[in-house]
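S.K.: What follows is each chain in one-letter form.
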Amino acid sequence: MSDSTAATDTLLRTGNRRDFLRVSAFTAVAASTLSACAKPAADVASTALAVPVKPLTLADHIAAANVMDAMHEKGIKAFPAKTEGKGNQLMQPRLDNGVKVYELTASEVQWEVEPGRRVTAWAYNGQVPGPQIRVREGDRVRLVLKNELPESTAIHFHGLELPFDQDGVPFITQPPIKPGATYTYEFVVPNSGSHMYHSHLNAAKQVGLGLLGAFIVEPKQPRAIEKSDIDYVMVLNDGSHGYTLNGKGFPATEPIVAKLGQKVRVRFMNEGMMIHPMHLHGMHMTVIDKDGWPQPAPWKCDTLNIAPGERWDVIINCTNPGTWAFHCHILPHAETEHGMFGMVTALIVQKPNA
Amino acid sequence: MSDSTAATDTLLRTGNRRDFLRVSAFTAVAASTLSACAKPAADVASTALAVPVKPLTLADHIAAANVMDAMHEKGIKAFPAKTEGKGNQLMQPRLDNGVKVYELTASEVQWEVEPGRRVTAWAYNGQVPGPQIRVREGDRVRLVLKNELPESTAIHFHGLELPFDQDGVPFITQPPIKPGATYTYEFVVPNSGSHMYHSHLNAAKQVGLGLLGAFIVEPKQPRAIEKSDIDYVMVLNDGSHGYTLNGKGFPATEPIVAKLGQKVRVRFMNEGMMIHPMHLHGMHMTVIDKDGWPQPAPWKCDTLNIAPGERWDVIINCTNPGTWAFHCHILPHAETEHGMFGMVTALIVQKPNA
Amino acid sequence: MSDSTAATDTLLRTGNRRDFLRVSAFTAVAASTLSACAKPAADVASTALAVPVKPLTLADHIAAANVMDAMHEKGIKAFPAKTEGKGNQLMQPRLDNGVKVYELTASEVQWEVEPGRRVTAWAYNGQVPGPQIRVREGDRVRLVLKNELPESTAIHFHGLELPFDQDGVPFITQPPIKPGATYTYEFVVPNSGSHMYHSHLNAAKQVGLGLLGAFIVEPKQPRAIEKSDIDYVMVLNDGSHGYTLNGKGFPATEPIVAKLGQKVRVRFMNEGMMIHPMHLHGMHMTVIDKDGWPQPAPWKCDTLNIAPGERWDVIINCTNPGTWAFHCHILPHAETEHGMFGMVTALIVQKPNA
Chain W
1053 MSDSTAATDT
1063 LLRTGNRRDF
1073 LRVSAFTAVA
1083 ASTLSACAKP
1093 AADVASTALA
1103 VPVKPLTLAD
1113 HIAAANVMDA
1123 MHEKGIKAFP
1133 AKTEGKGNQL
1143 MQPRLDNGVK
1153 VYELTASEVQ
1163 WEVEPGRRVT
1173 AWAYNGQVPG
1183 PQIRVREGDR
1193 VRLVLKNELP
1203 ESTAIHFHGL
1213 ELPFDQDGVP
1223 FITQPPIKPG
1233 ATYTYEFVVP
1243 NSGSHMYHSH
1253 LNAAKQVGLG
1263 LLGAFIVEPK
1273 QPRAIEKSDI
1283 DYVMVLNDGS
1293 HGYTLNGKGF
1303 PATEPIVAKL
1313 GQKVRVRFMN
1323 EGMMIHPMHL
1333 HGMHMTVIDK
1343 DGWPQPAPWK
1353 CDTLNIAPGE
1363 RWDVIINCTN
1373 PGTWAFHCHI
1383 LPHAETEHGM
1393 FGMVTALIVQ
1403 KPNA
Chain F
1053 MSDSTAATDT
1063 LLRTGNRRDF
1073 LRVSAFTAVA
1083 ASTLSACAKP
1093 AADVASTALA
1103 VPVKPLTLAD
1113 HIAAANVMDA
1123 MHEKGIKAFP
1133 AKTEGKGNQL
1143 MQPRLDNGVK
1153 VYELTASEVQ
1163 WEVEPGRRVT
1173 AWAYNGQVPG
1183 PQIRVREGDR
1193 VRLVLKNELP
1203 ESTAIHFHGL
1213 ELPFDQDGVP
1223 FITQPPIKPG
1233 ATYTYEFVVP
1243 NSGSHMYHSH
1253 LNAAKQVGLG
1263 LLGAFIVEPK
1273 QPRAIEKSDI
1283 DYVMVLNDGS
1293 HGYTLNGKGF
1303 PATEPIVAKL
1313 GQKVRVRFMN
1323 EGMMIHPMHL
1333 HGMHMTVIDK
1343 DGWPQPAPWK
1353 CDTLNIAPGE
1363 RWDVIINCTN
1373 PGTWAFHCHI
1383 LPHAETEHGM
1393 FGMVTALIVQ
1403 KPNA
Chain X
1053 MSDSTAATDT
1063 LLRTGNRRDF
1073 LRVSAFTAVA
1083 ASTLSACAKP
1093 AADVASTALA
1103 VPVKPLTLAD
1113 HIAAANVMDA
1123 MHEKGIKAFP
1133 AKTEGKGNQL
1143 MQPRLDNGVK
1153 VYELTASEVQ
1163 WEVEPGRRVT
1173 AWAYNGQVPG
1183 PQIRVREGDR
1193 VRLVLKNELP
1203 ESTAIHFHGL
1213 ELPFDQDGVP
1223 FITQPPIKPG
1233 ATYTYEFVVP
1243 NSGSHMYHSH
1253 LNAAKQVGLG
1263 LLGAFIVEPK
1273 QPRAIEKSDI
1283 DYVMVLNDGS
1293 HGYTLNGKGF
1303 PATEPIVAKL
1313 GQKVRVRFMN
1323 EGMMIHPMHL
1333 HGMHMTVIDK
1343 DGWPQPAPWK
1353 CDTLNIAPGE
1363 RWDVIINCTN
1373 PGTWAFHCHI
1383 LPHAETEHGM
1393 FGMVTALIVQ
1403 KPNA
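Chains as they are written, first to last, in the working numbering: chain W, 1053 to 1406; chain F, 1053 to 1406; chain X, 1053 to 1406.
What the hints contain is simulated information worked out from the structure, not anything from laboratory work.
Each hint should be verified, as a subset may be incorrect.
Since the list can't tell identical chains apart, any single copy or any two copies may satisfy a pair.
[Said to hold, decoys possible] Lysine-lysine pairs mimicking BS3-like chemistry, simulated, CA-CA at most 27 Å apart: (1) Lys1279 / Lys1352; (2) Lys1315 / Lys1403; (3) Lys1198 / Lys1126; (4) Lys1352 / Lys1272; (5) Lys1106 / Lys1198; (6) Lys1138 / Lys1315; (7) Lys1352 / Lys1315.
Model, not experiment: these values are computed from the prediction.
Looking at chain W on its own, in the form it has when it is part of the complex (with noise of 0.2 Å):
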């Protein structure tokens, strides 16, 4: 690794005009045989290739992929890359009389999603996805929203089998929560599982600018099956903000760290457009919730394929040690020629005593 780096560097500091060139020739017509529907960097190869270039050698293939190999080393390395703002943070309730009250403010922000990316977010408590609300099966909530947006909006609770006046769907359950204005949520929580809470005005785009969180359930009863050292919520992304996990891009992205022999449940939960069929590397996963609701009987795979608005739940038996790529399996959603980027995290296997 060091070898590849260190020639890049010579490469890029040294400047030999002659080689660069050759290089930038060679990279553009690389560009130009990319997928149709990227458009090849006519421009830049038209000229590149009006300059008579002898055919390339095999040291200008290993100068340009040196080049390229840089730019994906950099990405890799700086991951888990620092950001400003994290979020899907577990809230702490406060208590009313036995009330579980969660108080929430939509605004907009400025959310960095990878580092010196920033974007327009529309967030609850600043957060991207908003604060994790974590219940028991049986709890009374109280939610109260202040909507501090340009527009009005709502909550629904994505998978909740609620009272109907308490669905957070404007027009047909409850008035639109105005600019200005603070709406209150309350209710026994009736089914356990993975849930979410979302938008649900203009859900296209204030759901896609981050008005979205995790709602767990735990249950009275745990199952064995779903017993887990290590409990964990992936909020899967891909509007305005780009492809993000729990609201980070890679290198942002937020690996799972757990050690040999313990078990991690991740809790999928897709609040984009698109499907993603996420690969966990080394291990596989044991799929055991839809929904929230029990599969009839545990099922096993390597990609498992999540649709918007889907939870899955799956249990990882950490039995192999190393640093387990755990992407979008959509590559274009993952990767780049600068790079991996998007949707790629890790889960992390540390042996006892590393």
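With chain W held as given, fit chains F and X onto it using these hints.
M.R.: Chains F and X alone, transformed into the frame defined by chain W:
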């Protein structure tokens, strides 16, 4: 709700020019923050922004929200909107010596997808989807197709395990049915379940234009789990008519109306080119069949991903009274800034004395 | 069929100019009614419509239909069309002290996807998909990769639960394999099932160009349900080569040929970027494995949705004689106005004396 409508009405009636400009400027800015897929309203925004405007106040936001909310409310209040034509109507066969005879004519019609939006459709008997054929396992069926289209066509019975010469693939199992020609299919129905019939010639176009319908085969011995009070077919499509449920877009879609305690069977069928994860509010769905075949064990979900060509049968126990949103959870298939549209309907669960 | 062909031939031979103009005008109009996604042939249509034409008669429609049908027939009659190169060929390993040694060279080749359509491919041993590797659980395997590409690369064994240093992710588990370099993987095969090997560097491009193959691991103890007479791997792809099955588009795809009563196992593998719901005519498929792991109970379908990175194994009991269409049910992946193309093949079930 009356408040917001009143505010909007006032705003629109009074036509206060200064307010309207400010709201327009805001709306343009808001629009430009939309997903990267949509073209930003650059010209509008730049013009608006060229006029120096004071920072928007809460009152401005509310005024803009009222305009948007009024559009959303209008769509919801119009539901279920009347349109000309109804697809998927149960067809009564003519009996000929014990053979159930279905006579279909394929022709070009104008089809009203939503109030006022008429599109060119290629339809069986003037319906999109075509008439619902519902027979019993072991029935002898004759289907006579008259082709009044300007193209050849043929019918494939998707899911039925027919003798080869009834499979409907031109140049493989039969000659194409030319414009003006009539062709007869005849077979004993071999397997039960939720199936489809549709064109299998130039099908990306012909099915997209409407040449499709449900072919339901009731079993000789229904299982206990599949008994229902209401048996509803929901055909999903996303061709040149836009996003539709049974040939109509919201608010012209048809609600499913059940009484509290009833069981509803929904037979999802995807005749489009995209997945559609259908999400039901307020209650879960129990999945019983895939492509007309029983699942090994029923399983529960609230969001069911239906891919092109697939059929999924679910049972809904109507235990929760209300008007429950029932929609594709790819949000751009269900809502715009102007309100809900496309693949949205409702399951209405009525209380005994409602 | 001979009638239609004759009519088309006559039309094309006689070259009646007035008829041809009328047919062209009709075709232009028909084309402009196509899906909103396609650009209407506006220039052609407007030119054609500028010429005052009499209303089209049935004879005009038939003439136009004959032209279109002839194109469809031509494609079908050409199936299976010969092309240069065949991918997914079973590779015999060299044995070295009990180790099965596979030597692969990655290089750029020209690949004939359909008759006459050659594309640039990056291939293992000149094949797209690369050679099929088929070993047994517990085998020791050595895979030697020589990189003759102009970029670095690496191989990930998708689905195999390997020791970390054999996982093939550059800068995480190994250095990238530079142009001109050779790299050796060696491991004991840990888990059985239908797996894949493919590039994991700049993979959106490299896999799209063809750096992929099947890695089948036969179990030590096969289950009764997985025994089959024919074991067929079907790799789906949708990268820069277009929509392909085992690297070829219809009519150059390969039919599966079975005898009546035989059992066929199909191992679907999606190496593309889109879902592909594969639909079999005439018979159902019994799903037995997901990603190389047994499903808790087999289940039946006729349309199986396969997402990128997924593998699904099915058993087909060949009980129905015929040449059965077998295709992706996203219709634009399988057919255009000019006939079937892309992800279409056939399962041919031969009668005993056929």
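S.K.: Which numbered hints are broken by the structure, listed smallest first?
M.R.: none
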